[in-house]
Every structure is written in C-alpha cells, then in structure tokens.
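Chains as they are written, first to last, in the working numbering: chain A, 1 to 528; chain B, 1 to 91.
These are calculated hints, taken from the structure and not from any lab test.
Beta carbons are placed, not taken as given, at the ideal position from N, Cα and C, and that holds for glycine.
Certain hints may be false.
Here are the simulated lysine-lysine pairs, DSSO-like style, with alpha carbons at most 30 Å apart [claimed, not checked]: (1) Lys-451/A / Lys-19/B; (2) Lys-117/A / Lys-518/A; (3) Lys-389/A / Lys-462/A; (4) Lys-82/B / Lys-243/A; (5) Lys-26/A / Lys-82/B; (6) Lys-82/B / Lys-250/A; (7) Lys-243/A / Lys-27/A; (8) Lys-19/B / Lys-522/A; (9) Lys-19/B / Lys-117/A; (10) Lys-271/A / Lys-19/B; (11) Lys-522/A / Lys-451/A; (12) Lys-514/A / Lys-19/B; (13) Lys-483/A / Lys-19/B; (14) Lys-124/A / Lys-82/B; (15) Lys-19/B / Lys-462/A; (16) Lys-140/A / Lys-117/A; (17) Lys-451/A / Lys-514/A; (18) Lys-82/B / Lys-277/A; (19) Lys-271/A / Lys-82/B; (20) Lys-82/B / Lys-518/A.
Here are some chain A residues the structure puts well away from chain B; computed CB gaps all over 10 Å [as the list claims (entries may be wrong)]: (21) Pro-20; (22) Arg-92; (23) Pro-113; (24) Asp-135; (25) Ala-138; (26) Glu-153; (27) Ser-156; (28) Val-167; (29) Glu-202; (30) Thr-318; (31) Thr-333; (32) Val-395; (33) Pro-397; (34) Asn-417; (35) Arg-506.
Residues per chain, in single letters:
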Amino acid sequence: MHRALWSGFLHSSEKFAERPAVVAEKKTLTYRELRESAVRLAATIQAHQPPDAIPLTAVFAYRTPTAFIGVLGSLLAGNGYVPLNRTFPVERTQIMLERSECSSLVVDEGSLPQLAKLLDSAQKPLVVLVPDLTDVSAYKKQWPCHIFLGASELASGDAWREPELHVDSIAYLLFTSGSTGIPKGVAVAQRNVTAFLDYMVERYRVTEQDRLSQMFDMTFDLSVFDIFVAWERGACVCCPSQKTLIKPGKFIQDEQLTIWFSVPSTAVFMKQLGMLKPGQYPSLRYSLFCGEPLPISSASAWQEAAPNSILENLYGPTELTIACTLYRWNSSTSPPESELGIVPIGYAYPGMSVLVVDDNLNEVPPGQEGELLMNGSQMSLGYWRDAAKTAAAFVIPPGKSEIFYRTGDRVRRPVGNAPLTHLGRIDSQVKIFGHRVELGEVESKVRDACKMDGVVAIGWPKTDSGFGGVEVFIEGQESTPDKLRAAVATDLPEYMVPRRFHFMDRLPRNANNKYDRKAMQKLLEEGL
Amino acid sequence: MSAVTPDAVQSFLQTYISKALSEQGREVPARLTDDCDLLLSGFVDSLGLLELMTALQDHFGREIDFGELDAEQMTIVGPLRKFVAEQLARA
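For reference, chain A alone in the conformation it holds in the complex (with noise of 0.2 Å):
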C-alpha cells in the first residue's frame, strides 16, 4: 500500500516536536507548531467541504509560514494543493484558480491586495482561509457568495480526522507553460512524490540536523523537493524572503544551510558576481542543482566554494515528479563524460525507466540521439481535465506494452553504463537547407566564444523545408558580431554559423525563469 505524503510530516512532528521545521520571514515554526496550526486548517476545511466538491486546495501565500501551513493543512484535509504566487500576473493567477476547479483557497496577508480580482472572476463559492487576520467582516460583506474565515473562526485541531489516501489521490496539481499560452495542469499523485521522496532521503541520509534551501517558489515543483524532504527526516526548510532571495552567498552562510538546491542560472549570476570564492561555503553537504542545462564551468565554480559538499545534477520534467534521473559531479572524471559544455544528467532514479526513440517512437541504438521516453512509480497522473493533450504526451510506443512519457528532451542514448548526456530539447534542433541542426551546438560554441552563458540561438528565417539560418541572441554587453562570428565559423559547417547576433541586457523568460525561446522567435517575426 502506498504512503501519505503528510505521514512524513506526521512522524517527525512526534519524534522532533520542538525543532524548527521551518524558517519564512525570519520567524521560526518547531514541527509541533507547524502541526497545530495545519492540523487546525486542516480541520476547518474538512467540516466546509462539501462531500461531492474536487478534493484541491488553493495556496495563495509567498514565503511566509501561512504558505507552508497552507500546504501542509490542504494535504491533511484530504485535498492535494494548488501553489498561487502573488509575483504572477494576477490573469494567470484566476486562470490557474480556475481551471483547477479548487474548493477553498489558504490566502496570505501579503497576497490579500489581489484577491479581489481573483473572486470577482472566481466561477463557484469558495470558502476562503484567511489565517493571518482574526477580523474578515469585510470581506464577508463584499462577495456573500463566498464563506470567508479568519484566524478566530478556525476549527479546534481536535475536530481534525486523518483523511484516506486513495491509490490516485493527489499532492499538488502545478501549472506549466503550455505551448498555446494556456498553462497545463499537472496532477501529481501522493504516490509520486513518496516514491520520489524515498530515494532522496536515503541517498542524500537526510537528519533532523539538516538545515535545506528554497529558492524555489511553490508554483515550480523542484519546491517540493525541499519542504518534503526536510520534514520526512525531521530537517529545517529555511526560505529566503524575496529580498534575501538576492543575496545567495549570504542567506547560505547566515542559515548555515547544509542542503543547496537551485536552478543552475543562480550559479552562474554568483560566479560572475565573485560570489563563488573557494572555500566560502563550507556549511553545505549537498549542492543539487535542477531545471535547467548546468554548464561544466558552474559546475567546477560551485564545487571549489563549496568544497565539503557533493554535487550533483539532477534532470526531471514535472509531469515525471520533481527529478527522475542525476549525475554526480567529479571535477576530473565528469568533464570528458560530457558533451556540448553541459554536465550529464547521468542515471534513472530506481522506479523509472528510460527509452531512447526516433521521430517514430521505436528505440535508436546505443551511441545514437534520440528522444527521451521515460515511465515508472514518479509518472504523474497527466493534465488536469485535458484527455486530449495527456493523450498526446502519454503515449505507448510501437512494440511496447506500456505509457511513457514523453519528455521533448533531446539526450544520447548511453553506450554500456555511461551516463545521459542531455543535448537540448526536440524543438531545438531544426533543419537548415536539409541540414538537422542541434541549436544547442551553436549555443554551446558561440557561449565559448564570448564566455558568456546567456545564450540562445533560433531557427530563422522560416523556409518550406525548415530554415534559412541561425541567429543567436546574448545576454550581455554588446561584442563584435564580426570577431563573434569569425571566431565560431573555424569550428561550424558554413549553414550552422549565426546570421546575426542580437545582445540583450536580459533575455525573455517565462513563468519559471527558463529562456523564452518562442518570445524571441516572436521578436525576429516582428522585424528585430
């Protein structure tokens, strides 16, 4: 039978009742704090719960110890939780609370500036947790139609009743970008992330005496990672305000933080900051890093700063669970293991298994680059109310018996037990006068060229069989194209070498940070 995902929680929160589980705006919560407070939610909204109502939660909080009760009491009441951040723009924040077809909504006094725009489109009564005021009159007077509560009219934590776990019931459900501009739900199921959970613990031998990083905010699941984690063996999650959020080295070095895990890209602003001198975090066991290419240079930076932890490189799309394969970083053994500048992504996590296939989902031999396909006990449950497009991703391939997933990652298929090397993803790499052109090749030379890590390269102009060329775009000072191109062309086929070089101070992202390749494509269309 399958775990709880709160019976983690559960269980630290008798054995290490007075340790701080959590640190969020300078205040700290021991596990039995944290229990009450959750455990009170949590039983409010059971007795508001209509019988037949989606068992989802709201959270509606940023880095504050209300997010972190909302999220823990959702997952007592039954519900699985659905992470709001008030840095969104407040029209992806009613789409996301909308298609989520949630229930009751947790909301932090931080966020309560826009909750009136997110009730005014809200489509059903909510009941609305507003633990961080005790008088909620007034919003009880504005939209009747909604139940609103404050601190003082929670349930008593003795009302709570441990919920049942269903075989599909789900921890959280996260938005992505989809490629219309409508995010895509992700319903991940309890099962995924204990499955998840279980490996990570063991492997990194988490204790009480851990203290862990979120950088991450709650609306990217690599979050998950970090809250759970911590509170399975009794650890302390230590979130940084958006303001400490800026000063990385410090936040370490102050919180004495043992686990790191973040996006590559914040070792790379640290490196260039002179924010990864040698020795200067000696505090961390782990550094993990997640969610996007890790170049070699960050990775040696990071490994010589923070010389007494292991590093290593951890790859998964949401809908596989936080991360299903990793690489552990050795300065001398991993450089030659890898290709393109960017670190391997190793091995499967146990539970998951991979297949590398061809444009017909049929298996490419070793050595050969492929699609990655992967399924397991981390599988998500797929797009929330969306047949049609978990149709679409989840998919059996020819000769097999079983769904996959599949990834739009592009990886070489490993030759005896070499690790996976991550090579860009599916629409990265397009076809130049006949030509298949992995963009991540042209990045990967033109980053060496103008030591810069910024870089994206497009397809572009369009043509009838793909495209005319590559253009490249940096972020950074403005160099010389010429010497740029020159410099590139001794080690490119002619077709492969940038047209043009467009230097931006900041490149377009999306949602989660990542390059926002179709925003740039969009920039070419309109005459850049």
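For this one, chain A is given, so just place chain B on it according to the hints.
Coordinates of chain B only, in the frame set by chain A:
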C-alpha cells in the same frame, strides 16, 4: 576613465528596466523614482536582479562588490545608484 555619476547609473537603470519591460510587453514607467523598489514593484524578480547587477558590472566595465550593500537597500533605485557610483569612484 571619467568618474561615473549617480545620474549615469540612473540613466543605465532607466534604459535597462525600460528595455526589459517592453520586451515583456509591459508598461514602461516614465521615470524611475529614487524610492522605487525594483523587486517589490515587480520590475525584476530575484534572478533578474542578479542579472541586473551583472549588467551594471559589464556596462561600467568594473567589478562591483555588492556584498557591502544591504539587501534591503539594494533593490531601491536611490541607494542602489548612489552605491554603484561610490563603488566605481574607488581606485
């Protein structure tokens, strides 16, 4: 190299933020006031701010030790441009 004034930093910030916002299709403020908090106003996010600091170094061609500036002050236009100008004035 001639001294960099707080006004020069201001004009860089104005250009940088305007460009970033217009690339995202967002409204561009006519003038960044000294009390404008770039982070809390949503003009840049935390990673964007690290990028901005990198861009400042690139633009003025010098390393700037942001470690000395308080995180609370760093995101506010007035203190930020004053700090950067002072840092650049150092030998």
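**Item:** Given hint Lys-277/A paired with Lys-82/B - CA-CA distance at most 30 Å
**Value:** holds (26 Å)
**Item:** Status of the stated non-contact between Thr-333/A and chain B (beta carbon gap over 10 Å)
**Value:** Given a closest Cβ separation of 30 Å, the condition holds.
**Request:** Could you grab the alpha-carbon distance between Lys-271/A and Lys-19/B and see if it respects the 30 Å cut-off?
**Result:** holds (25 Å)
**Message:** Holds or violated: Lys-19/B and Lys-462/A, Cα atoms, limit 30 Å.
**Reply:** holds (26 Å)
**Item:** Outside-interface status for Asn-417/A - nearest CB in chain B farther than 10 Å
**Value:** holds (36 Å)
**Prompt:** Can we confirm that no CB of chain B comes within 10 Å of the CB of Glu-202/A?
**Reply:** Label holds. Min Cβ-Cβ 31 Å, cutoff 10 Å.
**Prompt:** Holds or violated: Lys-82/B with Lys-518/A, Cα cutoff 30 Å?
**Reply:** violated (37 Å)
**Item:** Reported absence of Arg-92/A from the contact zone with chain B (all CB gaps over 10 Å)
**Value:** At roughly 13 Å from the nearest Cβ of chain B, Arg-92/A sits farther out than 10 Å, so the non-interface label holds.
**Prompt:** Within a Cα-Cα threshold of 30 Å, do Lys-19/B and Lys-117/A meet the stated pairing?
**Reply:** holds (28 Å)
**Request:** Measure nothing beyond the straight line between the CA atoms of Lys-514/A and Lys-19/B; if it is 30 Å or shorter, mark the hint as holding.
**Result:** holds (18 Å)
**Asked** Given the hinted pair Lys-26/A and Lys-82/B, is their alpha-carbon gap at most 30 Å?
**Response** Holds - the C-alpha atoms of Lys-82/B and Lys-26/A are around 28 Å apart, at most 30 Å.
**Request:** Measuring Cβ to Cβ, find out whether Ser-156/A lies farther than 10 Å from everything in chain B.
**Result:** Per Cβ check, Ser-156/A is outside 10 Å of chain B; nearest 37 Å; holds.
Comparing the model with each numbered hint stated earlier shows that hints 14, 20 and 35 do not hold.
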